[in-house]
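> Residue numbers (this note's numbering), protein chains in the order written: chain A, -1 to 561; chain B, -1 to 561.
Quick caveat, the hints were computed from the structure, so don't treat them as lab data.
Just so you know, these numbers come straight off a predicted model, no measurement behind them.
Certain hints may be false.
All copies of an identical chain are treated as equivalent in the list; a pair is satisfied when it fits inside any one copy or across any two copies.
As the list claims (entries may be wrong) - As a list, the in silico DSSO-like pairs of lysine-lysine whose alpha-carbon atoms are at most 27 Å apart:
1) Lys74 / Lys493
2) Lys518 / Lys74
3) Lys211 / Lys372
4) Lys74 / Lys516
5) Lys516 / Lys1
6) Lys468 / Lys518
7) Lys260 / Lys107
8) Lys372 / Lys330
9) Lys155 / Lys468
10) Lys493 / Lys211
11) Lys325 / Lys2
12) Lys53 / Lys372
13) Lys74 / Lys95
Protein chains: 2
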Amino acid sequence: MGKKVLIVGGVACGGKVAARLRRLDPGAEITVLEKGEFLSYAGCGLPFYVQGIVKEYRDLMSTPIGVIRDTAFFRKVKQVDVHTRHMATRIDRQEQKVVALDLSTGQEKEFHYDELVLATGGSPIRPPLPGVDLNHVYTLWTMDDALAMRATLDAGKINKAVIIGGGLVGLEVVEALQARGVEVSVVEAMDRPLPALFDEEFSSRVRKVLEAKGVHFYGGERVTEILGEGCDVSGVRTDARELPCDMVLMAIGVRPNIVLAKEAGLAIGPTGGIAVNRAMRTSDPHVYAGGDCVETFHLLTGKAVRQPMGSTANRQGRVIADAIAGKGADFKGVLGTAILRLFEFTAGRTGLSVEAARAAGFDPVTVSIMNSDKPHFMPGSALVTLRLVADRETGRLLGGQAFGAGDVSKRLDTLVAAITGGMTIDDLADADLAYAPPFSTALDPLTHAANSLRNNVEGLMRTYSPMELKEKAERGEDFVLLDVRSPEETQRDGKLPFENITYIPLGALWERGATLPKDKEIVAFCKISVRGWDALSILRSHGLENVALLETGVAGWPFQLEA
Amino acid sequence: MGKKVLIVGGVACGGKVAARLRRLDPGAEITVLEKGEFLSYAGCGLPFYVQGIVKEYRDLMSTPIGVIRDTAFFRKVKQVDVHTRHMATRIDRQEQKVVALDLSTGQEKEFHYDELVLATGGSPIRPPLPGVDLNHVYTLWTMDDALAMRATLDAGKINKAVIIGGGLVGLEVVEALQARGVEVSVVEAMDRPLPALFDEEFSSRVRKVLEAKGVHFYGGERVTEILGEGCDVSGVRTDARELPCDMVLMAIGVRPNIVLAKEAGLAIGPTGGIAVNRAMRTSDPHVYAGGDCVETFHLLTGKAVRQPMGSTANRQGRVIADAIAGKGADFKGVLGTAILRLFEFTAGRTGLSVEAARAAGFDPVTVSIMNSDKPHFMPGSALVTLRLVADRETGRLLGGQAFGAGDVSKRLDTLVAAITGGMTIDDLADADLAYAPPFSTALDPLTHAANSLRNNVEGLMRTYSPMELKEKAERGEDFVLLDVRSPEETQRDGKLPFENITYIPLGALWERGATLPKDKEIVAFCKISVRGWDALSILRSHGLENVALLETGVAGWPFQLEA
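Could you build the full structure based on these sequences and the hints that come with them?
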């Protein structure tokens, strides 16, 4: 008789534990209890199913060669005993058994275990708002949610939708809805989209895209009521306005499903997830937990965090299987990496923001840059904006944000590895990244970012982020903004929305630089602030020392420009 | 008076030194001598100009906003004095001056320096073959080369071309020529394409693409003569055949331009490049060198290597400028990273191969895997093959190769950072890479590769590479090849070219596995050998212990399949 391993939850982490454990231990008796109907589906693919990019919902639960991962598949291929529509209701740790309700029959059943795995996942938060139970008020979390939402859209009756929550889950659905002909509004309690992931500068870039695409974004507003006509939703009321609509998506967050664990007396961590050690073991040595229901820890700070991502759940599932098989693997922690496709743009982040780095005791330095992802002469070349955060003393990279129509995903994963590997700014600046014109510029945007940060740290270059410049102007400080673009560019691409701009093209600056006031600070910029950087050295040669650069230039300005 | 800095060569490294130094030191007197007509152009973009993807040659020498980097630009914007068509002929280190020939006037001129920078580049090797001076025998190295080659193609008289050399430069031009309607043959002295970059397995994948695209590849053949009719080329004779053609591209390698340095008595390194220290200083403390003319060192082994790449040249240029400005930066070394677009495929590599790792004193472990770059349900999902090389004892990542129609470039740069940061296999397996369906699978192919290598190192999984399996079969060893794909897949996707294949779909293996011979080794596989991995554990549960996996399966088989 093999070891009895019981897994509660069969979507991401649970499915991974079962598959890996089967490979490690052909004799183990593996049982999975899943409260829903569907197994091992790609939850992150749901928005693409709603949009219609994924044609059949079965594609989300099939293997790459098209075999559906259902109970028969698990039985036949994995020798894993799966019970769908079985909701675990109680853990008896003394007796090492779980009581579950068979949702099809209403029967209670008992499942004994030697080792128990809790992969109970998370649930979307559904606040107790008036009207929350009206028709066409959705969350998008399970396959059932997606099926219902798509059926409603397919019926063709939805014209306006309100997404409550401007986080990752909410924004992932914006494009799906708009592609189906729906006018979309997003209401977010914080003043900007993706507030938990990005700083204000990068959030503002996301907001600019939303606005350019005709999506209404209402930041800093709280929903007070969901309005209805009969049983159907008819609008959303916020503390500032009323938004008529015929569909609502609630996307204000996810909480870990911990009731089962909590009632069994297992330790819950400070963030509200099930507490586990690095082997993903709970406070009971025979109970493991992983995926959206646990709290894990940050690779750089060691602090408890929650990271409800399919990728994390899969990694943790592997660790659990290894631990149960006696292989003793340790989970190495997370960086809070996230990525989002938004129309033709990509936004991503990893590691610590400046604020988080400071809170963790680092002395953060940071810079944003903008550059082409490929040489300008290659078709499809597009811009990316990158922010790097590093520790001043050690130079160690701590985090970054990335945004643009160019290849953001490559730079983000490269940065993830750089941070994980403990690389410094200098290491990144010299990293032998792959160069050929179809893939990058001779100096990759990441190299530029590292060089720029090095310039900053060494005091060669003083910069303002767009936010800092905006605040500086709003404080009414007296300084000169120096635009070194050509008049044609200024005409074509627009102007920064400030009064105090002096226009001198870079080529004329050696001659005309001397005309600039010596007693005022000068902040130079161009399209992406590469020429702006040249401008600083020209100004210095004119004896002007109080000079600085506006990071990311006009093209990276995260707010509206003037014509 | 500022410091007099003289730079010999104004393409990649030289241009970078000038630009960076100007930013660091507005007062420096910077002079550039360039023997050609063109400055700071993107040499790596030449194949795309020949192909016509880059419309105007000026695009290769303009800034992203379309300003041509000519002498007027350098003077006006950078305050750098550039002399084109000036060939440096002699360095007088005593007097700190360089003698140059003005190619336009035939005049000799002298240029004094405080600090000298040699950025003399490299030259394509033109072997003394009979016929090498015939019309339409090209190298593709300078802008002039590209202009001549494109003009010839534009005239529409070229039907067949032979590329001598199957390395990076040669293969970069294959697609360009074929896109212009030219029938292309490649002759390579080694038995496979890209022999300096890839092992036989990955080289074979490249060869398979060439053959599938109708490119003739002749490996292991030496060119003995270039044939002519009158002044024009008419064919290429190898030691095995004659290939009629009306264009020849010589792409057998690049040698560093060191004559100037050598005659001045500067130290030349063992690889034939100018010897420099980590600050890029030559054996003369007032002479620096960088780019294609120097030898640099490998980040992992510390050994002297040459890496004639535009990206390396730019990084070194920055170090030189910093050193001259007294900032004392060190160049951190290279990994031999390279990447190539070949039709819809990408091939790349970095770090040490198994052989190089062994030669450097490591105990290398390696595995290849194949996986989708995105979930199969996302449009554009495509396969990538990855090989990882690591050190058995420390688990430290040492190198990798990547190939496929999927996003290879992201995985390669991520691996570059992982190696540079000193990450281990375990670190990579748990790295918090960015996941969303448009960008990767929940477990990225790199994660799969790391997991697979971990399985190998821990003895959970024994694998054969395609090469090893082929050699095993060629040795006549007695073993069972077990194909666990469905009959439909086998029908549709083809079979491995071996006799000893047993077909049992994975789903039937629990039942039928017992029928397999217990006294023979069994090597399992499927499309990409993920189900093959499941098969191993099923076989083990049947008491079969002598089991192994064929890496990368049928889809990754680098040779021809059978129908």
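> Could you place lysine 74 and lysine 516 in one of the four classes (within, between, both, neither) given a Cα distance threshold of 27 Å?
For lysine 74 and lysine 516, the Cα distance is within 27 Å only across copies (22 Å; inside one copy 80 Å).
> At most 27 Å between CA atoms: does that hold for lysine 493 and lysine 211 within a copy, between copies, both, or neither?
within (21 Å within a copy, 49 Å between copies)
> Is it within a copy, between copies, both, or neither that the alpha carbon of lysine 211 lies no farther than 27 Å from that of lysine 372?
both (25 Å within a copy, 26 Å between copies)
> Should lysine 468 paired with lysine 518 be assigned to within, between, both, or neither, using CA atoms and 27 Å as the limit?
within (17 Å within a copy, 74 Å between copies)
> How would you classify lysine 260 and lysine 107 at a CA-CA limit of 27 Å: within, between, both, or neither?
Within. Shortest intra-copy distance 21 Å satisfies the 27 Å Cα cut-off; inter-copy 85 Å does not.
> Pop the pair lysine 74 and lysine 95 into one bin, within, between, both or neither, using alpha-carbon distances up to 27 Å.
within (25 Å within a copy, 80 Å between copies)
> Go through the copies and call it for lysine 74 and lysine 493: within, between, both or neither, with a Cα cutoff of 27 Å.
Between copies only: 25 Å across, 65 Å inside.
> When no copy is specified for lysine 372 and lysine 330, does a C-alpha distance of 27 Å or less occur within a copy, between copies, both, or neither?
between (34 Å within a copy, 24 Å between copies)
> Can you tell me if lysine 516 and lysine 1 fall within 27 Å by alpha carbon in one copy, between copies, both or neither?
between (80 Å within a copy, 26 Å between copies)
> Which holds for lysine 155 with lysine 468 at a C-alpha limit of 27 Å: within a copy, between copies, both or neither?
Neither: 43 Å inside a chain and 60 Å across chains, both beyond 27 Å.
> Within, between, both or neither: how does the pair lysine 53, lysine 372 come out at a Cα-Cα threshold of 27 Å?
between (33 Å within a copy, 16 Å between copies)
> 27 Å Cα cut-off: does lysine 325 pair with lysine 2 within a copy, between copies, both or neither?
Classified as within; 17 Å inside a copy, 64 Å across copies.
Hint 9 from the list above is the single one not met by this structure.
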